[in-house]
Each structure stands twice: as structure tokens, then as C-alpha cells.
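Protein chains: 2
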Amino acid sequence: MRNCLVAQSGGPTVAINASLAGVIQGAIDSKEFYKVYGSINGVQGLLNSRLMDLTHKVETTPMFIELLKKSPSMYLGSCRYQLPDYKEDDTPYAYIFKKFDEYEIDAFFYIGGNDSMDTVDKLSKYALAIGSDIKIIGIPKTIDNDLCVTDHTPGYGSAAKYIASTLLEIGHDTSIYPINSVTIVEIMGRDAGWLTGAAALARNTYNDAPHLIYLPEVAFNKDEFIEDVKAAMDKYNNVVVAVSEGIKDADGNYISATNAVEDTFGHSQLSGTGKCLEYIIKENIQVKVRSVEINILQRSAAHMSSITDIGEAFRLGRHAVKCAIEGKTGIMVTSIRKNNEPYSIDMGETPVENVAGLVKHVPREWINERGNNVTQEFIDYAYPLILGEPVVKYQRGIPDYLDISHLFPNKFDN
Amino acid sequence: MRNCLVAQSGGPTVAINASLAGVIQGAIDSKEFYKVYGSINGVQGLLNSRLMDLTHKVETTPMFIELLKKSPSMYLGSCRYQLPDYKEDDTPYAYIFKKFDEYEIDAFFYIGGNDSMDTVDKLSKYALAIGSDIKIIGIPKTIDNDLCVTDHTPGYGSAAKYIASTLLEIGHDTSIYPINSVTIVEIMGRDAGWLTGAAALARNTYNDAPHLIYLPEVAFNKDEFIEDVKAAMDKYNNVVVAVSEGIKDADGNYISATNAVEDTFGHSQLSGTGKCLEYIIKENIQVKVRSVEINILQRSAAHMSSITDIGEAFRLGRHAVKCAIEGKTGIMVTSIRKNNEPYSIDMGETPVENVAGLVKHVPREWINERGNNVTQEFIDYAYPLILGEPVVKYQRGIPDYLDISHLFPNKFDN
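Line by line, the protein sequences give chains A and B. Position one of the first sequence corresponds to residue 1 (the numbering used here), numbered consecutively onward. Position one of the second sequence corresponds to residue 1 (the numbering used here), numbered consecutively onward.
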């Protein structure tokens, strides 16, 4: 009996460790693998010989799998390493496959976004070229939800829940003064508006915030934006605007870009899109205005994850193991939505080349004509993904997450 | 039997509605008052005749008190209204006391920070001057924890818990890459460092972040800051810095102030202190740097309140009612720490003039000599205040808070 290997790559999400837990539990339950190894810092762990015995961790750490499912960020760390084309330079490939041999690896699971799927694609094609029968399987994750083929990506539901809940809390916070105000909330998503659109889930029987939503899928028009805010101020004292960091003007320039900001305000160095919209309001409407950037909190707030998201991430990890055992390779596991009410999904898979390097945008018809709100279709799609709350254990007043000190320098202990 | 009146003022906290709930429940339980009225938007509600019958709300809304205790922001709204000196202009006083008569008010409870305590002080002195025996009582609240006399203020513990938990999550988030990085986290507190110091509670058996903490109580020295960060980078790959928005240089200038920033970088308009420190690092150390501003989330995240804080806020509300019934006036109710382990407090009171307009700073000896960390005394003080988690009810994936539509224009319905 041989071993399997798992690694994580790309940016953190609240669900990526649940997929890792699913791989570990799936591999152990299958009894097809002797050990599950984890590569620290993505494929770089292979290049630097930093592997961790996860089977041993499960055996020696009480509640390891349960804690792992609920811990944010990436237990195995990440990397920004990109493989070259093996036809041009196969040095790292040769080294990685030598390591696979050394550790007697039968299957390699890589949890990540579309860059990581590019790695899966390249490694599986190299395996084919050299006649290796090692199985290389991708497991999706990204808060951005911008991977193709799969209905949605693990990490998205939790980030969407955090964003919706935070927008509701901002709605409460901004309602206290009987004067006009505008609050701009900048949300992540450089290329796609899935996260920003999820702000609409903050609306309930009494809260209409966010009153305006701007996604990267529609060209941003400054004059229309000013009109939109003025119109909203006729209806609401305190206008809340959700905006994606990735909005661009009709020429394709990021609104947050240095040049665009210089043109408009003569400032040389501004931070984000929210700040930029704040200045637009300041210069054009006499009203109190503030911008809030949710920043990395939206991808690390494991204290408010979606149990739907965490559960599916775990299932996808297990499914990846099943696929490997069935002999599949060069694939990414996917979610297939079977039903919306009651919501249910099936596990599936797709050749990873259908995903690598591609971006799934919010369909234009899920955004209203004016481009300042999402439609009911969007809400119906995103809503089931944020449902359910995990029981978060606290220790000394703060969440009890899994020790990650093996990621710190000079602390690596296999 | 006559009535009592309650209002809220200043900025939102997660616990101010729990104090409101304590007043309502205390007044009902005492059987000394026929009705509890709420004034919408602080004393402005009295000036504009916007009063709400809270006894009726309790009778007609299931779980009203329980929901109110767990809902963020301010159920009765806030105001920025400041009373003039009554010896110079008693017009608003005469109007307010006419309203007190009209609604047969025996006691007025004002929940707020030190500006609001100024209002309590002025109203109680005016009452004395005109021979009115209406009781005017202040109930403290502020996330800033900067009120004198009281051991701490309701709202602080919850904000501190949110900040500590968020810093732990940021610690996880920033640990994933095996490269150097610096993350600056800007925390509220214009005058006092209580909130920023609470970031130290994020540290646990494996997490040392935040590695540096800068409070407004110690003059900020840019050169020492650069040295501190470089020294921390020798020990940690990913350095996390917690900084108060209110830090100042040795001349008393805010680091975030336009001028200070212009002097250093030639930029004309920058946002916060975090951004400013980000630029200092960028210009002086070759390292990946990012700044995160927790912003209004730290005062509105009721989904992660401290049950200690919420419980004490409720108790203070009840205690205020008791004080009024005992004939006290011109006072603010206070917390008196009896014991730290096990932690317990008594309720007390102080003449409001001991609080109004004053600021309680973090003692210099609770900050280390270098001025880049808090001491164990600070941690021992703040730690009990963040303990305990409420059961937060969710509805459709987001927290189930109390309807605040009575704060919206054209929606006021008594």
C-alpha cells in the first residue's frame, strides 16, 4: 500500500481546511493509502522537502479533523509558485516526480483556485507524458467563486455569509442619526462580482441596505453613480453602497487605479475603490460620507462560516479521494446543483483544463439593467450557500482554532 | 403612578441596547412606573416629540427584551445635539421640561459616553435650579472605554473580543506564505488605547500576533517604529502591528493628520493612521505591506459580542432604575471590580460631573517602556471582559436582529 499527498495554494478561505479535512478523512476511511502527507506551502513543500505526516496528526491530536474543518486560513500554508511549461523546462517536474517516488505517492490532491488548477493541469499532463500513473486531482476553493464548470466554489458561501451579515450590521450602524449619510463598502473580487452581489443577502423585512450594488461585470459610470446616490438619498437617510474592488470604467481601467484617480482628483496615491467612490461623493454631493473596506476579514472570519459551505468543502475533499481511487486524473471535482428548494448538490468532476486560467463572471442578466443592483436570480443562487451556522468553540474569549506554528520559520517539525 | 423616559446618544456599541433592555425590564419589574417611553434620537426626540411607548413594545413583540439585548447599534437612534449652558440660554431646557411634564416623566435615563454625561449633568443641574424633582441618571456606554470612575464601560468588552478574535484570524491569514510581510491593523480609539491594547488578547499558545502595539498614550516615533518592525522581522516572517487611529507624534500631531502626512510623503490627502504606517514601511523597508482598518465593524458586530459585556450592560440599566427609585439624580451608574479571578463586579454610582467631558487613559505603566506593547497588567484587566459567547439566532443565514425601521424617515409610528 502506498501514500497520498495533499497541498493547498492560492489565497485563504474559511473552507479550504475543510476540504483538506475531507481528503484526510476520505483517504483514511478508504483504507487505500498507508499515509496522508501534507506538503507545506503548496508544491514548494515538495521542492523544499517540507512534508508533514497528517495521518500521524489525526492519530495524536484529539479532535484534529473537527478543529481543522473550523479553522480559517490554510493549515498547510500556500505558495505563489507557478510551474513552467514542461516542454521548455522540466527541471521542477523531474524533481517533484522524484519526490513522489521517494514518498511512494499514488495520488496528489491540490486545493486551490484557477492558478492552482493550472498546476494540476500541467502536472497531470507531465505524468501522462512520462507514463506515470500517479493521479493528480484538483479541489476548488476561492472566496471569489469565479471558477468555471462547478456550480460554486468552497469558501464563497462563508465569505458571502460574512459579507451579508456585516452589511446588515453596517445597516444598523448607519441608521442612528436623522441626517443624510453615504457609506461605501468595498468588497473583494478583482474580476467577478459574486462576493459583492452577496451583499444583497443582507436585506430583510426592515433593512434595504445595501441600496446600491456595483459589480465589475458592468462598466462603472461616474455620472450615473452620482445620480444613483442622489436618487437613493431621496428615499433613505443613510445610503449604503456595496462596491467591488474590481469595478472598471467603460475603457476597462480600474476605478481604483492610480491614473484614474489622478485624472479625477489630482492625488498621486490612493488606496482602494471605496476610497475613490468616497471622494466622488465628497466632491459632488454635500453629504457625510465614509468608506469601509472589509479587506481580509471576509476571507478569514471562520467564527462566522456557513455550515453549508464547510460541509460541501469537506464532501469535495472526500470525493476527490474517491475519484483518485477510481483511477481518474487531471480533473477538478465540482458541485452540481440538483435542486434549489430544498437545496441539494451532487459531486461531479471535470477535466481540469476546463477550469485552469478561466474566470466565471456573474451573468449580465443577474444584474439589473441600470447596473446598480443584482436580480432575484442572483439572490436565489447565492442564498442557499450561506445557510447554517457551525458551533464555534471559544477558548479564553477568542475562537479555538488549530495550532499553525508549523508554518512559522524554525518551527517546522515533521 | 407616573412614567419614565430613556434615550441613547453618542456612537453605537454592541451593548447599548442591552442597557436599554435593562432599563425597560427594571422599570417594569419595579412596578413604580406606568409606562417606559423611549425618545428617538436622543434628547432631540423630546424636542421633536418623537417618543415611543416601550412598555407597549414589550407587551406586543415576542422576545422583545431578549432580541434587544443582542441587537447591535442603537434601537432608539442617536443625536449629536449639545445643550447650551442654561444660564445663557434656557430655551431648550424649558421645552424639554415641558415635555417631561406633558408625558408625566419622573425619571430620565440617558445612555451614552462622556458628551452624553455632560447632558445629564446640565439637565440635573437645571432641575435643581428650577426645583424639579425629576431624576436624571446617566448610564455609561462606549467602545472606547475612556470614561472615568467606572472600572470599564459597556460596549468595550464586546469590541475588545471582536478585535482580539479578528487579530487572531488575521494572524492565521498572514501566516500562509513563507516570505516576509507586514500587516498594519488600525483600531478605533481617538484619545485612549483601550481598544488597541485589547489586540494583545489575540495571543495564544501558538499565535504571537500582534507583535507590536502602538497606543495614543505614548508619543509615536517613526524611527523607533521602523527599528521595531525590522527587529520583529528577524523573529517572525509575518509581522502584525496593531495601531490606534489616535497615535500622535511628540509634538501632539496626529500621525494620520493631513499635515503630518504631507510633511513626510508629499501626499495631499490620505485616509487613516494604518495607511500612513503602511507608507512608512513601504518607503523604509523592502517588504510586502498591507493595512487593514477594522472600522465600524468593531462596534457593530453583535454576532460576536461578549456575554460578560452584554450582561453587565443590562445590569447597569436595571441599577439605574433602582437609583432613580431611591431618589438619586445627577449621577452615572458605574461598575466596581470586586475580584479578578473569579471575576466579579458590583454596581455603583458617581456624581456625573466626575465623568462629563473627562477621558480615562491607559495607565503608562500598563504599556511597556519602549511603547510598543501592553503589559500583563493590561491583559489581566481586559481579559475577563471578553469572556462568554451569546447564542445568536440566525434567520435566512444572517443574524436575526430587532427591526429598526422606526428610525427611518416617514416610518415613525408610535
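No lab work stands behind these hints: they were computed from the structure. Among these hints, one or two may not hold up.
Identical chains blur together in the list; that is why a pair holds if it fits in one copy or across any two.
Stated by the list, open to error - With a straight-line cut-off of 30 Å between C-alpha atoms, the simulated DSS-like cross-links for lysine-lysine are: (1) K338 with K222; (2) K57 with K393; (3) K282 with K248; (4) K393 with K328; (5) K288 with K248; (6) K35 with K248; (7) K393 with K338; (8) K235 with K288; (9) K360 with K288; (10) K57 with K235; (11) K248 with K338; (12) K322 with K230.
Hint by hint, here is what the structure shows:
1. Within a single copy, K338 and K222 get their C-alpha atoms no closer than 40 Å, and across copies no closer than 58 Å, so neither meets the 30 Å cut-off.
2. Proximity of K57 to K393 under the C-alpha cut-off of 30 Å is restricted to the intra-copy arrangement: shortest distance 20 Å within a copy versus 35 Å between copies.
3. Taking the shortest Cα distances, K282 and K248 sit within 30 Å of each other both inside one copy (20 Å) and across copies (26 Å).
4. For the identical chains of this complex, K393 and K328 are neighbours neither inside a copy (38 Å) nor across copies (43 Å), given an alpha-carbon limit of 30 Å.
5. With identical chains, the CA atoms of K288 and K248 are at most 30 Å apart both within one copy (25 Å) and between copies (25 Å).
6. Proximity of K35 to K248 under the C-alpha cut-off of 30 Å is found in neither arrangement, the shortest distances being 48 Å within a copy and 55 Å between copies.
7. For the homomeric pair K393 and K338, the shortest alpha-carbon distance between copies (28 Å) is at most 30 Å, but the shortest distance inside one copy (33 Å) is not.
8. Taking the closest pair of Cα atoms, K235 and K288 come within 30 Å of each other only inside a single copy of the chain (16 Å); across copies the shortest separation is 43 Å, beyond that limit.
9. Within a single copy, K360 and K288 get their C-alpha atoms only as close as 36 Å, which misses the 30 Å cut-off; across copies the closest is 29 Å, which meets it.
10. Taking the shortest Cα distances, K57 and K235 sit within 30 Å of each other only across copies (26 Å), while inside one copy they are farther apart (57 Å).
11. Proximity of K248 to K338 under the C-alpha cut-off of 30 Å is found in neither arrangement, the shortest distances being 34 Å within a copy and 58 Å between copies.
12. Taking the closest pair of Cα atoms, K322 and K230 never come within 30 Å of each other, the shortest separation being 55 Å inside a single copy and 48 Å across copies.
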